[in-house]
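If you want the building blocks of each chain, they are given just below.
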Amino acid sequence: MTEQEIIEKTNRVFEEAFEIEAERLVPDAHIFSDLGLDSLDIVDLIVALQKSFGVKIRNEEAVRDIRTLADIYRFIATIKQDEAAKQG
Amino acid sequence: MALKRVVITGLGVVSPFGNGVAALMSGLAAGRSAVRRMAGWEEYVGLQSLVGAPVEMIDEKRIPRQKRRSMGRMSIFAAQAADEALLDAGLDLAGEDRWRVGCVIGSTMGSAKSINDAFELMLPDKDLGRLNSTQFFQCMSHTAAVNVAQYLEINGTIMAPAAACASALHAIGTGRDLIRLGRQDVLLCGGAEELHPTVTGSFDILMATSAGYNDRPELTPRPFDRDRDGLVCGEGCALVVLEDYDRAVRRGAKIYAEITGFCTNANGLHVSQSNRESMVVCMRQALAEAGIAPAEVDYINAHATATLQGDQEEAEAIRDVFGAGVPVSSLKGYFGHTLGASGSIELAAALKMMENGLIHPTLHLDNVADDCAGIRHVTAPIKGELRTIVKNGFAFGGINATLVCRKVAG
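Residue numbers (this note's numbering), protein chains in the order written: chain F, 1 to 88; chain X, 1001 to 1410.
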């Protein structure tokens, strides 16, 4: 999965699940203060990312450090790389 | 402590005729049916009744996402009804003591669609991880009351009586007591419910649904009619604004009516069948609380859902209490049985009939059934002043409820 695919899939989650306009989805957008998500939304974000990327991330410690969209892109990329490495 | 007089100063409705009181009343005036054949219901094995009266949901995205995410369909209906009711009452909550403003909204259960969605998501692999954070808030029994309170950001009493098809009248009766006792200043009260094949199914397995009109949905349900064959489920929400009389007069509010009597009781005999004797007691006690004789009632808005047994019991009970002098109609023929919402949707319609001096007839009552005879059925519109009306509501569990409303003089 390319970096661009990760960005597009992630942004689609924000557009569809959280009804946020595409132009606001810039990499350094803070998901709480800029995009207005709250604690309940984070649960839904995890559910949506799991479904969208076919991964299990609910119990990943690194989830707690996510603050910006770019953090999510990096986090998903890492998970996907680890997955590929395990399979490889 | 003297009890306060309680009046209704606002109405808000989402019904199968559309959003708003005006849509409801124009559907009734036109003698239209909102019942239709439901697409996809054939997939439910054993479901005999394939008709329903759905609400077309509109404008839900006007509710901010973070308020809307915990709402199933019924809570969206309730929020929209709340907006209309407050506007109709001329109330701006910004000017109210929010600790004294609450809502009492009943239903049979939480959002039927959300409950089904939750189990369909979770059960195939018993995977809780697929559920989103707000699914439960859509499913819980007090979902409509909670969501309206969150939506309006009010801080008073929030309650959710669950009494199936009597839920809305329980809510209004309970709200009336809270105002009467001086515990709250303003309450939004009523019921909300959703249409879903599993909801119709709960009646269908008891053979209480209309199954003979799947190809002629616009001709069913048929309350009190010879050819009735059961109920048709609908959905929606109606809320009334309750205030104490002195406060309403002080602020120059439009007053639809005063709630002068209420009673709820139970038959204690059968979990699904209604019972004349207990209905008679319920209506008589409500009239006694209102301090009026049966002959002083100008209109009875019946519960009559078009089930074989229920309509007969109610007709007999009305005959026992009122004889054949008081006009009676049921509105279920127009938009089905909206279950937990029926008490308040039909009360709102009856209050508008009172305002307009016009009684709408029972739709599809072409031939009064022998077992429903002996009361004054309304089969064509009746014009005339309505000073006092009675609203009946009955429910599974043998529950009866009767509300008496009287026009306020002056």
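Keep in mind the hints are simulated off the structure, nothing from the lab.
Since this is a predicted model, take the numbers as computed values, not measurements.
Do not take every clue at face value.
[To be verified] Okay, derived cross-link-like pairs now, BS3-like style, lysine-lysine, Cα gap no bigger than 30 Å in a straight line: (1) X:K1383 <-> X:K1407; (2) X:K1383 <-> F:K80; (3) F:K86 <-> F:K9; (4) F:K56 <-> X:K1067; (5) F:K51 <-> X:K1113; (6) X:K1067 <-> X:K1126; (7) F:K56 <-> X:K1113; (8) F:K9 <-> X:K1352; (9) X:K1383 <-> F:K86; (10) X:K1067 <-> F:K51; (11) F:K9 <-> F:K56; (12) F:K9 <-> X:K1383; (13) F:K86 <-> F:K56; (14) X:K1352 <-> X:K1383.
[Unchecked claim] Here's a subset of chain F near chain X, in silico, CB distances under 7 Å, partners left out: (15) L40; (16) V43; (17) D44; (18) V47; (19) D71.
Idealized CB from N, CA, C, for every residue including glycine.
For each hint, the structure was consulted:
no. : hint                : result
1   : X:K1383 <-> X:K1407 : holds, 16 Å
2   : X:K1383 <-> F:K80   : violated, 73 Å
3   : F:K86 <-> F:K9      : holds, 23 Å
4   : F:K56 <-> X:K1067   : holds, 28 Å
5   : F:K51 <-> X:K1113   : holds, 21 Å
6   : X:K1067 <-> X:K1126 : holds, 29 Å
7   : F:K56 <-> X:K1113   : holds, 27 Å
8   : F:K9 <-> X:K1352    : violated, 51 Å
9   : X:K1383 <-> F:K86   : violated, 80 Å
10  : X:K1067 <-> F:K51   : holds, 24 Å
11  : F:K9 <-> F:K56      : holds, 16 Å
12  : F:K9 <-> X:K1383    : violated, 62 Å
13  : F:K86 <-> F:K56     : holds, 15 Å
14  : X:K1352 <-> X:K1383 : holds, 13 Å
15  : L40                 : holds, 4 Å
16  : V43                 : holds, 4 Å
17  : D44                 : holds, 5 Å
18  : V47                 : holds, 5 Å
19  : D71                 : violated, 20 Å
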